[in-house]
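Q: Here are the chains, one letter per residue:
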Amino acid sequence: MDVALKIWRYDPDSGDRELRDYELEAPEWACLLDVLDLIKDQQDGTLAYRKSCRMMICGSCGMRMDGRAVLACKERMLPIVERGHVPVISAMGNMPIVKDLVVDMDPFWNKIRRMKPWLEPGYDEVLERERIVSQQEMNVIQKEALCIMCGCCVSECNSMESDPEFFGPAALAKGFRFVGDTRDQASVERLEDYNDEHGIWDCTRCYFCNERCPKGVDPRDAIAKLGAESVKEGIDRDMGAKHAKWFVKSAETTGWLRETELVPKTQGIVSAVKQTKFAIGLARRGKVPPPVPPHVAADVGEARALHQLVREQGREGALGIVQGERALARIEHTDAGGARRDAPEVTPREEPPKAEG
Amino acid sequence: MKVAYYKGCLASLSAKELDTSTQALAPMLGLELDELESVTCCGAGDIHEAEPDYYLHLNARILAYGAATGAETLMTICNVCTLNLRQANFQLLNDSELRARVNTNLATVGVPPYEDDIEVKHLLWLIVEDDGAERLRQVAHKGLKGLKIAPFYGCQILRPSKLLGFEDPDRPWSLEAIIDACGGEAIDYPAKIKCCGFPIIQAREDVAMGELIQPIEQASEAGADAMVTPCPLCHLSLDAWQSKLKATTGRDFKMPILHLSQLVGVAAGLEESELKFKRHVVPVDPMLEKLEV
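Heads up: the sequence lines are chains A and B, in that order.
Here the numbering used here is used: the first residue of the first sequence is 8, the next is one more, and so on.
Here the numbering used here is used: the first residue of the second sequence is 73, the next is one more, and so on.
Hints are computed from structural coordinates only; laboratory data are not their basis.
Be aware that a few hints might be false.
Said to hold, decoys possible - Listed next, the in silico EDC-like pairs over lysine to aspartate or glutamate satisfying Cα-Cα at most 16 Å (straight line):
{"id": "1", "chain 1": "A", "residue 1": "Lys81", "chain 2": "A", "residue 2": "Glu137"}
{"id": "2", "chain 1": "A", "residue 1": "Lys249", "chain 2": "B", "residue 2": "Glu277"}
{"id": "3", "chain 1": "A", "residue 1": "Lys252", "chain 2": "A", "residue 2": "Glu323"}
{"id": "4", "chain 1": "A", "residue 1": "Lys106", "chain 2": "A", "residue 2": "Glu89"}
{"id": "5", "chain 1": "A", "residue 1": "Lys281", "chain 2": "B", "residue 2": "Glu277"}
{"id": "6", "chain 1": "B", "residue 1": "Lys193", "chain 2": "B", "residue 2": "Glu144"}
What the hints assert, rightly or not - To give a feel for the contact side, a few chain A residues facing chain B, derived at Cβ under 8 Å:
{"id": "7", "residue": "Lys47"}
{"id": "8", "residue": "Gln49"}
{"id": "9", "residue": "Thr53"}
{"id": "10", "residue": "Pro171"}
{"id": "11", "residue": "Arg212"}
{"id": "12", "residue": "Asn217"}
{"id": "13", "residue": "Gly234"}
{"id": "14", "residue": "Val238"}
{"id": "15", "residue": "Gly247"}
{"id": "16", "residue": "Thr260"}
{"id": "17", "residue": "Gly262"}
{"id": "18", "residue": "Pro298"}
{"id": "19", "residue": "Ala310"}
{"id": "20", "residue": "Gly331"}
If you're wondering where the values come from, they're calculated on a predicted model, not measured in any experiment.
Ideal Cβ positions, reconstructed from N, Cα and C, are used throughout, including at glycine.
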């Protein structure tokens, strides 16, 4: 097949950036990585990119195709060629570009290390007998354990674009892989640590990480699990945790969100008072509904009784999310679950959303 | 078509204009709304993060009351409601054990069990599906001629696509199709699929504002007369927090922000009493004055 693609080149010595066109003949089974190898072999040996295993397990070849982070070894070229599409290849986002498609992953690794990604078993001496972990226990961290640390989730993380110090989806998913491990004896200390200003509650829930992850880790869900575990352990000093808890309180008291009280309940009275001028501006437009009389949903007693009931059943914390994964597993990595790529009338932009790291 | 109508928290409170414009528009689109009364907040992702088992049960209760109307579709008008309800629905429809446990709990507190399946769909999808754009051309008699409109999707109507899946999450087309069918000009800009920052606007205002400015700035630079969004949370942050952007960056975008049902409502000739633009923080008048009738 005849493949055409464009690659954003970057030369660190001159600082030049250029979108260069490539055309070549490639076998029908070729993936994006094969095509890059052919270009490097036959046309331009200076093209820089990372690769190793070629089979979606080493996590080296993360890059962007038409602005979305992918593993080059996972993207088959045939359907793209058949559509007559000319994809634009560029380096991943949220990390500085070293050369062409290679990014500096030091900030990424520093955040992974920050999570203390090793088991804290709570003893120094090796036990006499091995500690058996049940399948049920492993299922709790099964998805997070799939991470190959390719960086695709971090590439498009909207919170990290705004706060580069945000721990990010890969590191936090790694964090849950240990918090949820029954062999780990440091879960509470970890949760305290991950409740950092740039931690769990800094996630903006844009879901780009779940969308991009090539392995089905669903990092955003892992972050929600960490939030749920924090609330379960009473670690709720962060405004994000207070915000989340107010929704629970609202649901069981009035049914609907008690919107106007959300600000003082999240930020505390002192900070909320500082928002007075802003709030008055909103109130003039009816955007600050009076809390009294409360807007109460019909039959709200049922929602309250339901809360009492599920609390007694003890599926608090991450288990409440893990229980849904049996259903979700049905759509992982199948065509039906994949993103639809069927927007013929929309022309992909040549400029990636944010090509500079 | 009869649909169970779940309006969510904001359309009951700070975004009443979203409810009134939706109620006025629905009959024109052939939608008969059966509004759900005995329902609560979907949890907005917050209960999912604080007490996820409670989140599942609250949403199952909404789905149960929705299905009890006999409708096949539960209509939402908020991205966050859409994801929360679809996520819970997917888990219940594909795991009979989980559904049985939840139904037992619902029955214990006197809620009808969730038995007949119902599908959760956002108003946006109901408008454009099955050649809806063609239908819309008939409804939008007043049109949007002369207006450049920036579509802003927000996150939770696109991602994760395995739970939403209506359209390509990276190159969505539905809002563009609606703007086009209403006679306006849709403008393209990269941040139309990104986050407005709303979920963390109270807990991390600086981080949220760094996100919020991107779509407004890009839409403004592309010459948009207004932005349209299918999400009341995006609406609230884009509309109300513009004054804060002015305070922190010195830039006054004065960008009118319209709910989806308001934009279509303008094109369909709805009145101010239904559109309620006076409830907006950023005035919509400059856009309305530019409209060529």
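Q: Does each hint hold? Answer for all of them.
A: Hints and how they fare:
no.	hint	in the structure
1	A/Lys81 / A/Glu137	violated, 38 Å
2	A/Lys249 / B/Glu277	holds, 15 Å
3	A/Lys252 / A/Glu323	holds, 13 Å
4	A/Lys106 / A/Glu89	violated, 30 Å
5	A/Lys281 / B/Glu277	holds, 13 Å
6	B/Lys193 / B/Glu144	holds, 10 Å
7	Lys47	violated, 27 Å
8	Gln49	violated, 30 Å
9	Thr53	violated, 29 Å
10	Pro171	violated, 10 Å
11	Arg212	holds, 5 Å
12	Asn217	holds, 4 Å
13	Gly234	holds, 4 Å
14	Val238	holds, 5 Å
15	Gly247	holds, 4 Å
16	Thr260	violated, 10 Å
17	Gly262	holds, 4 Å
18	Pro298	violated, 10 Å
19	Ala310	holds, 5 Å
20	Gly331	holds, 4 Å
Checked against the numbered hints above, the structure violates hints 1, 4, 7, 8, 9, 10, 16 and 18; every other hint is satisfied.
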